[in-house]
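Colleague: Guided by the hints, dock chain B onto chain A, whose structure is given.
2 protein chains.
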Amino acid sequence: MATDTTTVHVALSERSYDIEIGPRLLPEAGRFIVERTGCSHAVVVTDSNVESLHGQRVVESLERAGIRVDIATVPAGESTKSTSHVDELWRLMLEFAADRKSIVAAVGGGVVGDLAGFIAATYGRGIRFVQIPTTLLAQVDSSVGGKVGINLPGAKNMVGAFWQPAAVLIDTDVLNTLPLREYRSGLAEVVKYGVILDSDFFKYLEDHIDGLNNREPSVMRHIVARCCELKAQVVSADEREETGLRAVLNYGHTFCHAIEAETGYGTYLHGEAVAIGMLCASRLAEAMGRIDAELTRRQHALLEALGLPLTVPDVDHDVLIRAMQKDKKTEHGKLRFVLPTCLGHVELVSGVPADLVRAALAG
Amino acid sequence: MATDTTTVHVALSERSYDIEIGPRLLPEAGRFIVERTGCSHAVVVTDSNVESLHGQRVVESLERAGIRVDIATVPAGESTKSTSHVDELWRLMLEFAADRKSIVAAVGGGVVGDLAGFIAATYGRGIRFVQIPTTLLAQVDSSVGGKVGINLPGAKNMVGAFWQPAAVLIDTDVLNTLPLREYRSGLAEVVKYGVILDSDFFKYLEDHIDGLNNREPSVMRHIVARCCELKAQVVSADEREETGLRAVLNYGHTFCHAIEAETGYGTYLHGEAVAIGMLCASRLAEAMGRIDAELTRRQHALLEALGLPLTVPDVDHDVLIRAMQKDKKTEHGKLRFVLPTCLGHVELVSGVPADLVRAALAG
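Protein chains in written order, with the working numbering: chain A, 1 to 363; chain B, 1 to 363.
Bound conformation, chain A alone:
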């Protein structure tokens, strides 16, 4: 690998793996994958948007590395995370004569990673899987942690597995091809890591607004690497979401999921809804006397400088609260939130009164 790459190790005993982060990595994908996995065959799963931009380059790189390559291109968009696409990909894997020496390489955003990862987790009772995330959101979030899966009608991520990749390759140059709105959406999750786990990183973001908005390569590499490190620490401590530790990653997400569901999926990009959700959660923490107003103000200023939406959409607040009570992570309708206690630290708080939630939504 080139000298300007960063390696993040994800410690999960025999399922440990490395994330390689840096510019100009896509053309090296073939060598990287063959070195790491010793595979003799790769199935590249990508989507209709990413195929020509990046998918073909990964295919060519794998071919140069001397292995047999097949490509499966699925339609772009969340509706691809469906049982019918799973069925189709299972059959394609069989047509491609994929076996234990094959790997699945996911080249795309979260949808492609989740779907391709689920195929890898289940075909042949599990084969190896390499993530090559091409959106900022996927680079800092869904490519780390081993959660793979698909949606059932009306139930996001209801079918899936914990299936750790054999390796993750993150080419930060691909961020230059991301539409602005999608790039900004990823930044919301980046800000989240600062709030929940690392006050120094939050300060770094405040100090590098221009670098962030201009997608400066050194800033890109730093933020992606730091987010992967932070997420890797959380995932190592709670791989299968059993101890509750992993819940810290859901800061802003109880509000976010309600907003996404009630405005119709796709109205807000995920990170946009996260940004609004974080501000709601921060106001809620304020109202409960957990933090002072300054922390909310700093998040507001940073998210605003990064061009993210800040205000709760015009939806009846009681409708949003009812959606939160039905959230799959809620038990018996009790409202539960991840709330900050100071910059860099959050806690899971159960049984929050609905009127405080209503006030937080009102802003």
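As the list makes no split between identical chains, a pair holds if one copy fits it or if it spans any two.
Below, a list of computed lysine-lysine pairs in the PhoX-like style, where the Cα atoms sit at most 25 Å apart: (1) Lys156 / Lys326; (2) Lys156 / Lys334; (3) Lys326 / Lys101; (4) Lys156 / Lys101; (5) Lys101 / Lys334.
Note that these hints are calculated values from the structure, not bench results.
Modeller: Quick look at chain B alone, frame taken from chain A:
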């Protein structure tokens, strides 16, 4: 549990579990499952043959234990291990509002166990699973080991997972309701355990022909418990079929799979094809000078006394050999067999010449 039950522990670190074996256990299933899992909801998956015989009794027992119960009944038969039934069961699980506190209880033979286990492995990224096997084959084989999955067209067990049950409950009384041919088919796998791992157990079988043919309760309990113990030892040493140790369980199976495929699935029951396959493998080992004729003779006599078929069906032997070369466990067409070296011990042997295989088929 009653005093005439036997508990077999399957040691798999944090995935360890117990198998409870004995008569009259079905009516205690509810208490057993709630004690072991603390579940608040159970989805009983069973098939159209087993539902009225045993499935309903498990449902009633679970209801008596005070938890919410749903039942999903699939058609009996191998064709149920399909992507369309998986899809249907995923949706049913959602309709049943199954969550992390739910368990899936498989009540049936290998098909139900494999299908229900795959649902448990993937719904909600994996929920707990209890096996209640009702055929001898499932009791001694597929209920131990954590292999779950379904078929793709032309490819058996091509999609699946390793997903260990939280507990296994084996009521040996249910063996009395098995059709004779199906019962005998299970006995072939029982004989296999003696040949591959335990000469004393093989002698026990030789000494209890009448007890086996009459399904005597004490004999039933002993053979099921011993087979589970033996399989548990193998699985503990090679949970995910990575070291090759688990391959010993495939004694007779290279021949068996070719016979099943070329006579059309269903012509022979699996255990029947295993019986024929074991005798072929034993003759092959003889021809290679690994064992003397006496070991083949003893297997032949025991399988014959248990009413199992012994002769290779009238299929072109070259067709069978080509099927073996295409077996998914074959690499680059090299013929590979699990062969005995003495009673109670087998080895994996690669690169066996085709003419020796042809001679073993000729008998």
